[in-house]
Every structure is written in structure tokens, then in C-alpha cells.
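Generate coordinates for the entire structure from the input sequences, incorporating the hints supplied.
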Amino acid sequence: MRGKRRENSPLVAIIAISTYIPPMHYLTALLVSLGTLFAAFERMPSSPLQMGMGFSTLGSQNNPSAMVTHPASMSLLKTPSVQLFYSDSYHLSELDFSGAAVAVPLSFTVIGATSATFGSSLYRETSLSLAAAREIGNNLSVGMSVTSHELTIKNYGSTRTFALTVSADYEIAADLRWALLYRNVNSPRIGTSEELLPQVVTSGILFSPSEQLTASLEVEKDLLFTPRFKFGGGWSPIPGLRFAAGFATNPSQATAAIQITLKGQKISYAVATHPALPVSQMVALQFHLP
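Numbering (this note's numbering), first residue to last: 1 to 290.
Rather than coming from a laboratory, the hints here were simulated on the basis of the structure. Fair warning: this is a prediction, and the values are worked out from it, not measured in the lab. Cβ coordinates follow ideal geometry from the N, Cα and C atoms, glycine included. Heads up, a few of these hints could be off.
[To be verified] The calculated EDC-like cross-link candidates involving lysine to aspartate or glutamate, where the alpha carbons are at most 16 Å apart (straight line), are:
| # | residue 1 | residue 2 |
| --- | --- | --- |
| 1 | K221 | E42 |
| 2 | K154 | E125 |
| 3 | K78 | E135 |
[Stated by the list, open to error] Restraint-style ranges between C-beta atoms, simulated for each label pair:
| # | residue 1 | residue 2 | range |
| --- | --- | --- | --- |
| 4 | S93 | T273 | 26 to 36 Å |
| 5 | I267 | G191 | 33 to 43 Å |
| 6 | E171 | Y86 | 10 to 20 Å |
| 7 | S252 | D96 | 19 to 29 Å |
| 8 | Q265 | I111 | 15 to 25 Å |
| 9 | R189 | G240 | 38 to 48 Å |
| 10 | A254 | I205 | 36 to 46 Å |
| 11 | D175 | T117 | 31 to 41 Å |
| 12 | T261 | T192 | 44 to 54 Å |
| 13 | S148 | V283 | 34 to 44 Å |
| 14 | L140 | I111 | 16 to 26 Å |
Structure, rendered in C-alpha cells:
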């Protein structure tokens, strides 16, 4: 759910109550599924640092899972990387989101693949993505991802569609980057009712005055709904330790994250509040391949 354009007071109340009454979990999952079916596949792979910086797409560009929404960011990866992630939404196991991503730099491009699942046995979204990115000159990177989305509802069968996402990343200065992303540019539709998947355009800047400090500002616009603004910052007081905090509008959410790097391997955790529901959490492990 994404704020004013998704929020439904009775639905929010049911979700809140179900966190304390376990038998209602299945009813909640079904209601969420049916109540937001037109917004299927809104949940995209990300990293805890991105979540911690106000759900910023630009908040952590050096992780493989960003390839689905910002494929151009893969060009920043210099070694083969793997990321495993898990997200717990509102303490409801029926809304679990998990997956894995891998990116491999080649001589002429960087390629990657991602697999992710959301939901439960009643309602499940499964996504498989392939992405590629490359640098053009010294300042510009471009990328594209193709994703197969499969929606399965128990006793009703499954359906599938394909989505195309493109993005560009431009280095304005050594400490300033600008990015433009267009998710689901091919207007994919799913199901017999041909529901349109969210088409989202995001533009933002990432300011990095030093290796210890970063700040991001983004505007995310679903073509059918009001914009969402995202603000975030990151701070690394010592090598191997990084903190992040952020805020996003529509709905108003405060976020925070921590990342620990041990021998080149990254362990990260993030938490996000919600004005009417319990907190959401995310954890990820990223490591480099030889």
C-alpha cells in the first residue's frame, strides 16, 4: 500500500487487528490481495540501506538487487556480487518478501539476475529479472531490466506478464549524481481483466561530499497517482560501519538502517514506521564472489 492512493481505513484497521489475532492473518492476506490487486508487483527488490534512506532508489547503488528498479546502477559494481534479502511487513508472515540477486561485471557490460517472491500460499507474486548496464563515456551509465511477473491465487490459478524498466545515471560532478528511472515502461497488464501494473517515474540526486557522508533526494511519480517524496542520509563514522536514516511521504514513514562490513561481506538491517500499522523490517547479506 502506498499512502493516499492506496490507503483504505477499514483495510488498515483489519491489518492492525490481525497482528494481535493470529487466526485473522489469512483473512488479512486475502483482503490485502483483493483490495490492492490493481497494484500488484509494487514491491521491488531493494537493500536495507535503500529502505533506511527513506526507500531511496539511489540510496545504495552498489548492491545487485537495485538492478530491477535502477538497472544503470549496476555499472558501479566492479566485482561479482550476490545479495540475499528478506523483508517482514507489519509482522504479517503472509506479506513476507524475499529473494536473491547476482551481478557479474564483464569487459563490455555488467549483467545480473534477480529472483523474488511476495505473499503466501493463498496469494503469491513471483518475479524473475534479467538486467544489463554499461557506461557510455566517463559520466553516463544506462541500464535495462526485463522481468517476468507471475501472480498465483489459490483455487483461481495463475497468470503472467513481462515488464521492462530503463534507467540512466549521470555523474554531474565527483560528488553529485543524477538518475532517472522509468519502471514498467511497456505498460504491462496482468490477468483476464488486464490490470495495469504501476508505471513509475523516479528522478533524484545523490550527494556524496566524502566517503563517510551521503544524502539523497528523490521524487517518485506513479503516472496515476500523487507523487511521493523521499529524503535520506548515510554516515560512516568508522570503516566497516554505516548508518542511514530517512523519511518518505504519502504515507509519512520514518526509516533507519545499519550496515556492517566484515572482510568485504556486508550485513545490513533496516526498519520503517507506518502511521497506522506496525513497523516493517528488512535484513540482507551481500558478499563478493572470487
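So, going through the hints one by one against the coordinates:
1. Distance hint between K221 and E42 is fulfilled; the C-alpha atoms sit about 13 Å from each other, no more than 16 Å.
2. Straight-line distance between C-alpha atoms of K154 and E125 comes to about 12 Å, which keeps the hinted pair within the 16 Å bound.
3. For the hint linking K78 to E135, the alpha-carbon distance of about 12 Å falls within 16 Å, and the restraint holds.
4. Checked against the hint of 26 to 36 Å, the C-beta distance between S93 and T273 comes to roughly 20 Å, which is inconsistent with it.
5. Taking 33 to 43 Å as the suggested C-beta distance range, the pair I267 and G191 conforms, at roughly 38 Å.
6. Range check, E171 to Y86: Cβ separation about 32 Å, and the 10 to 20 Å hint is violated.
7. Against the hinted window of 19 to 29 Å, the Cβ-Cβ separation of S252 and D96 comes to about 24 Å, which satisfies the hint.
8. Our hint of 15 to 25 Å for Q265 and I111 holds, since their Cβ atoms are close to 22 Å apart.
9. A C-beta distance of roughly 46 Å is found between R189 and G240, which places it inside the suggested range of 38 to 48 Å.
10. Taking 36 to 46 Å as the suggested C-beta distance range, the pair A254 and I205 does not conform, at roughly 21 Å.
11. Look at D175 against T117: about 38 Å separates their beta carbons, and that is inside 31 to 41 Å.
12. Between T261 and T192 the C-beta distance comes to about 48 Å, which sits within the given range of 44 to 54 Å.
13. A hinted range of 34 to 44 Å is violated for the C-beta pair S148 and V283, which are about 26 Å apart.
14. L140 and I111 have their C-beta atoms about 19 Å apart, which keeps the hinted 16 to 26 Å range intact.
This entry does not satisfy hints 4, 6, 10 and 13, going by the numbered hints stated previously.
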